[in-house]
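Order-wise, the sequence lines are chains A and B.
Residues in the first sequence are numbered from 1 upward in steps of one, following the numbering used here.
Residues in the second sequence are numbered from 1 upward in steps of one, following the numbering used here.
Hint data in this document are derived by calculation from the structure and do not stem from the laboratory.
Note that this is a predicted model, so its numbers are computed, not measured.
A couple of the hints might just be wrong.
Claimed, not checked - Cut-off 25 angstroms, straight-line C-alpha distance, at most; resulting in silico cross-link-like pairs (BS3-like, lysine-lysine):
(1) A:K262 - B:K135
(2) A:K328 - B:K299
(3) B:K135 - B:K299
(4) A:K17 - A:K87
(5) A:K36 - A:K264
Claimed, not checked - Quick partial rundown of chain B residues pointing at chain A, CB under 7 angstroms, derived from the structure:
(6) Y49
(7) H267
(8) Y271
(9) S272
(10) P330
(11) I344
(12) P346
(13) G347
All C-beta atoms in this analysis are idealised placements derived from N, C-alpha and C, irrespective of residue type, glycine included.
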Amino acid sequence: MPPSPHPSSTIQALIEKGVFDRLPLTFSTYCFDQIKEWELLFEAERVYFERLFGLLGRSEQELVDELFAPLRAVEQKMGVTEKVFPKRVFTLDQVDFLNRSQYYPEWRRVVADIFSRLNPLLDEEIARAGRPRLVIVMCPAELPVGPDRMWMRFKKQGRMIRIDLGTSDDEDFLAKLLTGAKRRAQQKTLPELYAAQKATSPHDAWIVDAGGAVSALAVTSPSGLVKLSYEALQRYRTRLMTQVDQLLKTQDIRGPRQLGAKLKELRVLPTENEIASDPVLAEFVRSVLLSGNGTLLINNTFVEWATVQSVRRAKPSVAVVSFGVRNKIKPFSSLLIYTEQETTTPVPTQADALGSYVDLEMLNYYVWTEFEKYPEYRRNTVYYFVGEGMDEMLVLAPPDFPLLKAESPVSLTHLFEMARDWMQL
Amino acid sequence: MNKRCFVQLAGLSIAHRILPNWLWARPTAPNHDDKRKVIIVTFGGGVRYSETFAPEGLRNIPALAALQPKGLFFKTCANSGVLSHFNSTASIVTGNWQRVDDFGFQPPASPTLFEYYRKQTGAGPTDAWAIATNKSFSSMGAGSHRDLGLPFGANVVLPKQLLLEAVGEVIRKKPEMGVASRENVLRQLEGILNEGYEGVGWTIFKAGRQLDQSVRNTLTRGLIEYIHGPESPTSGDELTFFITREVMREFGPRLILVNFWDMDVAHWGSYSLYLQAITRTDRLTGMLWEEVQSNPHYKDKTTFLVLPELGRDGDINASNGFLNHRSGDPSCRNVWLLALGAGIQPGQSDRPIQHVDVAATGAAALGARMREIAGTPIREILV
Chain A
1 MPPSPHPSST IQALIEKGVF DRLPLTFSTY CFDQIKEWEL LFEAERVYFE RLFGLLGRSE
61 QELVDELFAP LRAVEQKMGV TEKVFPKRVF TLDQVDFLNR SQYYPEWRRV VADIFSRLNP
121 LLDEEIARAG RPRLVIVMCP AELPVGPDRM WMRFKKQGRM IRIDLGTSDD EDFLAKLLTG
181 AKRRAQQKTL PELYAAQKAT SPHDAWIVDA GGAVSALAVT SPSGLVKLSY EALQRYRTRL
241 MTQVDQLLKT QDIRGPRQLG AKLKELRVLP TENEIASDPV LAEFVRSVLL SGNGTLLINN
301 TFVEWATVQS VRRAKPSVAV VSFGVRNKIK PFSSLLIYTE QETTTPVPTQ ADALGSYVDL
361 EMLNYYVWTE FEKYPEYRRN TVYYFVGEGM DEMLVLAPPD FPLLKAESPV SLTHLFEMAR
421 DWMQL
Chain B
1 MNKRCFVQLA GLSIAHRILP NWLWARPTAP NHDDKRKVII VTFGGGVRYS ETFAPEGLRN
61 IPALAALQPK GLFFKTCANS GVLSHFNSTA SIVTGNWQRV DDFGFQPPAS PTLFEYYRKQ
121 TGAGPTDAWA IATNKSFSSM GAGSHRDLGL PFGANVVLPK QLLLEAVGEV IRKKPEMGVA
181 SRENVLRQLE GILNEGYEGV GWTIFKAGRQ LDQSVRNTLT RGLIEYIHGP ESPTSGDELT
241 FFITREVMRE FGPRLILVNF WDMDVAHWGS YSLYLQAITR TDRLTGMLWE EVQSNPHYKD
301 KTTFLVLPEL GRDGDINASN GFLNHRSGDP SCRNVWLLAL GAGIQPGQSD RPIQHVDVAA
361 TGAAALGARM REIAGTPIRE ILV
């Protein structure tokens, strides 16, 4: 039996009204799967699904039928039936069925068309309720290039701003940028200030950190603040690698499908990280670390993927994203995705500053494009792209953001103040 | 023992392990005739135009960029099938879009080029090989058609699996020793050789389990020499190159599929590692071409086809750019093919071709004909 979801009363009413049952199988099944663990969804996701199905529920059935007619036609060609697509069950078997169908490209196109008609309606509501947002993306001091070689893929979209670095700014660069003061002053960071004063959900201000430096600046824990640090998750990561490795060696797991079911059980423990007390975040981190990409192994992949997923799912109002320098990958270690390199090889760990630079040129770009995909961020968001210790930064912002008009170098404290003012803190 | 000596001995000893016993009832001299040979090299794992033959990508592929003027370059070679590794390469070798299990748990659903070639020409079992870094390719050598199938399939060799098992064993049994210690790895390899090859990748044909002690020692020494030697490998693709070259030298087969795969490290989210892998594959492909040129049994009689197995997602509007390859956008589907070798007129072609055309082309070059396939021979290559 498929699990029974416990969605909001709004969604429950729509289910009872038969909204899901009137939709094509692949669409309704997928959506039902998305909401079946309602209690593990972020607030923004819940609101999205309520709006999406609310829109479909209040639309005339004739219009809904017309919207989904092409999808029904493709499903028929694909041979979609309740046998291969049981109502409200969506597993990797269904993903596999879609992927292997010769009509899969057509199916994707038709689904994209449906959303291209639905999204403008949904986006309009979002845009009407637009409010200022702030994204600060930081690169580590160790990168072997100057600001003239940074953010090459998208710097034309914004403006390079010179920073007036004082004598003590090397040491206090991060603190001054994020708190407006030296580290020892222990002032609140921008995400803390926002979470304490304005957070609209328990996950509205995020710090995603490759190391611990930025997380360490946040000394308070107001509701609404999320702190994720790759470094702080080390115990959990190590346990995941060990357990996955054991699973693969000791159990009859034929492939990703079978492994996926086992991985669902590997939640973070309270002794490993404080996020264990928040079921939504705990599941978020589990899924980020076990998504099959390099999030377990590479700090910056974790930072990028966690950020991208937070944008897609939680739509944070403030995000501070801090990349680091990744280690060099050891010979043949690509064979050992679930093995902790630090403990299994005597080859000394070495930082790969040049490789990290190449990686971050792409990952910075991906982070920016991900935010800009959503109406919550378009035309509302100030982006600071900063290299720690660098005397220039990239700013992308709405035209009325004062920094864009700066004629002379700006101090770190002033950058903080402008960001704080933008967020009306 | 010098390297060349090892190569000869190792090649023969490998053959003992990977070939069926019945084969040894027949003479197995290397195929040194003058007939056309075909080598298909895939940039497995997937690579985008933007990192290869786009103007900004050429710096990642210096070897292929230098070879391009000597070959016929097809600007569009489309993968219209399932964008998974096994299905993509299976489509290349069968000439039909494959929709089997994504992870290699099923053989291709239709016969392969290897089977048609061997059955129709009477070629022996050492005359068709698939050498793959991707360890899920063990069933790439043959489909399951009742008139064809394994008896006519290719020898499938998964070189990386050999080291994977060895390294895994070292970690499991002696975690304090460390995986990168070559001596440890090699001691473990010796252990694996004692246990037989079946579990370490050399498996498609059931090999006899009895291995002469001196042959086993020779192979072990050979691996030691290789890992310690000037070509010491650091990745699976380098091992695949080494094995391919040995197979060419020892058996001279007329048909080889070489699957490089390191660039799939892109899934780890490191763009620099992805670029490094592309450049390494480019270098190894160039070295294979050099081997073709320097080996009298291949020079001037080999059709050498290089193409990506698939592309990867584009940077815009894709799920996560270069990390993945499932979006189905043009960056995933539209790749290229470079044809080099015997009789091929250099140039560039705007005529779109497809992955499924490769098998038909290979068959025609080898004097075979594939039945009921979606692809058609690429006439420009068959001059």
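The hints, checked one at a time:
1. A:K262 - B:K135: Holds - the C-alpha atoms of K135 of chain B and K262 of chain A are around 22 angstroms apart, at most 25 angstroms.
2. A:K328 - B:K299: 39 angstroms, violated
3. B:K135 - B:K299: Distance of about 30 angstroms is beyond 25 angstroms: violated.
4. A:K17 - A:K87: 16 angstroms, holds
5. A:K36 - A:K264: 15 angstroms, holds
6. Y49: Status violated, d = 16 angstroms.
7. H267: 5 angstroms, holds
8. Y271: 4 angstroms, holds
9. S272: This hint holds: S272 of chain B lies near chain A, its Cβ roughly 4 angstroms from the closest one there, short of 7 angstroms.
10. P330: 11 angstroms, violated
11. I344: Where the cut-off is 7 angstroms and the nearest Cβ of chain A is about 32 angstroms from I344 of chain B, the hint is violated.
12. P346: 33 angstroms, violated
13. G347: With Cβ-Cβ at 31 angstroms, over 7 angstroms, it is violated.
The earlier numbered hints that this structure contradicts are 2, 3, 6, 10, 11, 12 and 13.
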